[in-house]
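Residue numbers (our numbering), protein chains in the order written: chain A, 7 to 422; chain L, 7 to 422.
Do not take every clue at face value.
Identical copies look the same in the list; a pair holds intra-copy or inter-copy alike.
[As the list claims (entries may be wrong)] Below, a list of computed lysine-lysine pairs in the DSS-like style, where the Cα atoms sit at most 25 Å apart: (1) Lys398 x Lys34; (2) Lys215 x Lys404; (3) Lys111 x Lys234; (4) Lys416 x Lys34; (5) Lys372 x Lys8; (6) Lys203 x Lys372; (7) Lys203 x Lys256; (8) Lys215 x Lys122; (9) Lys234 x Lys404; (10) Lys228 x Lys272; (11) Lys372 x Lys111; (12) Lys272 x Lys234; (13) Lys122 x Lys106.
Simulated from the structure, these hints should not be mistaken for lab results.
Here the structure is a predicted model, which is why all the values come from computation and not from measurement.
Number of protein chains: 2
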Amino acid sequence: MKAEILATGDEIRTGALVDSNSGYVSEKLEENGIEVVRHTSVGDYLPILVSTLREIGDRADVAVVTGGLGPTTDDLSAEAAAKAAGVALVFNETALENVKSFFRKFNRPMTASNRKQALLPDGCKILYNPVGTAPGFALDIGQCRFYFLPGVPYEMKRMLAGHVIPDVLSFQGDTAMHSRVKTITTFGLPESLAGEKVAGVESAFSGIKLGLRANFPQIQVKLYGRDKDAVLLDQRLEAAGRWASERLGKHVVSENGETMEAVIGKLLLEKSATLALAESCTGGLLANWLTNVAGSSDYFLFSGVTYSNQAKMDVLAVKPETLEKHGAVHEETAREMAAGARRVADATFGLSTSGIAGPDGGTEDKPVGTVCIGFAGPGRSFGRRLYFPFGKRLMNKKIFAMAALDILRKELLTDA
Amino acid sequence: MKAEILATGDEIRTGALVDSNSGYVSEKLEENGIEVVRHTSVGDYLPILVSTLREIGDRADVAVVTGGLGPTTDDLSAEAAAKAAGVALVFNETALENVKSFFRKFNRPMTASNRKQALLPDGCKILYNPVGTAPGFALDIGQCRFYFLPGVPYEMKRMLAGHVIPDVLSFQGDTAMHSRVKTITTFGLPESLAGEKVAGVESAFSGIKLGLRANFPQIQVKLYGRDKDAVLLDQRLEAAGRWASERLGKHVVSENGETMEAVIGKLLLEKSATLALAESCTGGLLANWLTNVAGSSDYFLFSGVTYSNQAKMDVLAVKPETLEKHGAVHEETAREMAAGARRVADATFGLSTSGIAGPDGGTEDKPVGTVCIGFAGPGRSFGRRLYFPFGKRLMNKKIFAMAALDILRKELLTDA
């Protein structure tokens, strides 16, 4: 069964709004074993809407259309659907009741333009909208079953789950396919090298498809599988995941697609350990990532974002001699920063960054992209210097922060 | 001139990744007076790639394709383009030089699979990629000029601006229209209300189109204009911008589309003032935003990300009595945090946040979404309590941080 998705609206066509609906619909259809072949977006222009619906009607078995069901004159989905299917637009009493009940529920008067929302293609099936004024509808165009849903994401989501997915699954009967995806989070390998390491997975495991996704500075290795037998599929994907993880080695941050900061959180919780940070060049990014994880207050105590040398001395007790002798960007300074943060916050571990994110501040010795990372634990403390050649401030902040978390991650694993 | 956009990749087709590239490309093409008619997304499957390229080649004058230029086996754009155009894939020396120079710059060995990135359709024009390994290329398929760009957003953006837009504009010649967009950054109004306030701009200024873009928690009001006469267009857009800014009043953060953090930076520099932060619930996000601005070390000194109460007392000298009496989320605690950060870092201004980002930690008195913001300056200090009903941790962190910066911004403006 082949599915397509059509997102309508001038705001999407012109880029004023990023279309997140199509991705959502795809994900839900794929999760339910329905293969999505193509997404299309067009604007609020009747001839193009009609021709696009006809094209999809010739190609797909199932299509989900979002947008264009509202009360205004640029809402053209019902008219376009009727034209493409060669049926009349008729006034639908069930749909009008849907619109009216919404206004009753919210105790608001219905406007005249809302009546337009009940003018639908003859012979369509109404899809009740529990959370908005726009009723959806299902209609056959060509050889394809179309589902027309509102463009407002939470209305669309409710109706996709409530009407579309159950309806489509009921068609499939015995031929239903299951889809799964396994995501491995990695850090420290460029995309090309990660791809090379796991390239053989498709031939080693029949039916498994490989995809790589760069979410700088992490690379996600994705394994996609489809099968009629859900149990067999899970087993095969599990085995393929182990195979790939083995080849990616120490670069694997999570075998379940978790972020670095979530993995760090779990490792700290397992040890009942706490963490304090001292950030110079990462400017709060490290703390921000870690505190994006719900419940992080259980292990994250403090970050001293010490941009000035004075703050490094005053808050973190970095020695003036160290700063004088080595400067702010140095292994020893980083080590003292980590130790200082650990001591100030009475934390199990301290982690620090001091580097040159750019665009200015680089020297021959310490060019933009240089970072020193400090670690302090109960047993030992050290500083380490790294260099990244990206040359962009925001990328440098990200890779500095991720490199620091990766050093901490490896310490937490070794220490286990 | 009609343009289309094609986004390729299984991660987009399956919904694992939301395609933000197409919206970006649309926006830039439309800003430059090129009408975008349709977006399409398909997966990494050669027959469908080829047929989609041919279809677009029959319909459009210009097309931008993103993705599929990487080194791995699921990167099929060059092969699909060659097939659709009916030309051979050949080894391109210029492209190979592009790939090699990238690896030289980063001082890394080039892998064998990267050589594949120089295997391109015969007769194509190479588009140099200054920031990645994947060279882009331009090729005619059917009656349409295609531009193939990498899917990595920052690479794509650089190449769109550097190659595609200038190239397309040069085709237009005498019929060239000038397009301009004026962006007003606002904070504190929901999108619908911002839209209502400026809805009259299209009728008050002929030829000006209004667009709103939510970049949570900021709303950008965009005014688009197109005209053959660039001078007249600039004047009209300037006047429309003033008209809109007047109606948006104190919610205008920047009349030139600048971010809040850039505006804050400029205001501090103008006053030769410095800033220190104390962050609890925003967890480093405030510092991270501020330090994303190049040169921020001239005014940003320190942020104490004090998640634990102990750190609030030890680092910021918040009084134990205050914490005992009022708790961490309180106007007085926030005020003491701001004053403490200001004092510790010897800064002109101090700004703080303490609140409940969720999902846990809410009470009846202080539900999730409550934040107290503290301000301390040379003349005065205060704490203020706000509540936001979004209920999501990451949204709360963002709106808390932005609300704090907006309070600082207003203080800096009043103080002028």
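Next on the checklist: At most 25 Å between alpha carbons: which applies to Lys234 and Lys404, within, between, both or neither?
Outcome noted: neither (41 Å within a copy, 43 Å between copies)
Item to check | 25 Å Cα threshold - placement of Lys34 relative to Lys398 | outcome: For Lys398 and Lys34, the Cα distance is within 25 Å only across copies (22 Å; inside one copy 32 Å).
Item to check | Up to 25 Å CA-CA - Lys256 versus Lys203, copy category | outcome: within (13 Å within a copy, 55 Å between copies)
Checklist entry - Is it within, between, both, or neither for Lys228 and Lys272, if the alpha carbons may be no more than 25 Å apart? => result Classified as within: same-chain Cα gap 22 Å, cross-chain 43 Å, threshold 25 Å.
Checklist entry - How would you label the pair Lys215, Lys404 (within, between, both, or neither) given a Cα cut-off of 25 Å? => result Intra 29 Å, inter 37 Å, cutoff 25 Å: neither.
Checklist entry - Is it within, between, both, or neither for Lys372 and Lys111, if the alpha carbons may be no more than 25 Å apart? => result between (53 Å within a copy, 16 Å between copies)
Checklist entry - Quick one: Lys416 to Lys34, C-alpha cut-off 25 Å, is that within a copy, between copies, both, or neither? => result Close neither inside one copy (33 Å) nor across copies (43 Å); limit 25 Å.
Next on the checklist: Cα distance capped at 25 Å. Does Lys203 pair with Lys372 within a copy, between copies, both, or neither?
Outcome noted: neither (32 Å within a copy, 51 Å between copies)
Checklist entry - Is it within, between, both, or neither for Lys215 and Lys122, if the alpha carbons may be no more than 25 Å apart? => result between (44 Å within a copy, 20 Å between copies)
Checklist entry - For Lys372 vs Lys8, is the C-alpha pair at or below 25 Å within one copy, between two copies, both, or neither? => result neither (54 Å within a copy, 49 Å between copies)
Checklist entry - From the Cα coordinates, with 25 Å as the cut-off, is the pair Lys272 and Lys234 best called within, between, both, or neither? => result Intra 35 Å, inter 60 Å, cutoff 25 Å: neither.
Checklist entry - Is the C-alpha distance from Lys111 to Lys234 at most 25 Å within one copy, between copies, in both cases, or in neither? => result Result: close neither inside a copy nor across copies, 43 Å intra and 48 Å inter.
Of the numbered hints listed earlier, those contradicted by the structure are 2, 3, 4, 5, 6, 9, 12.
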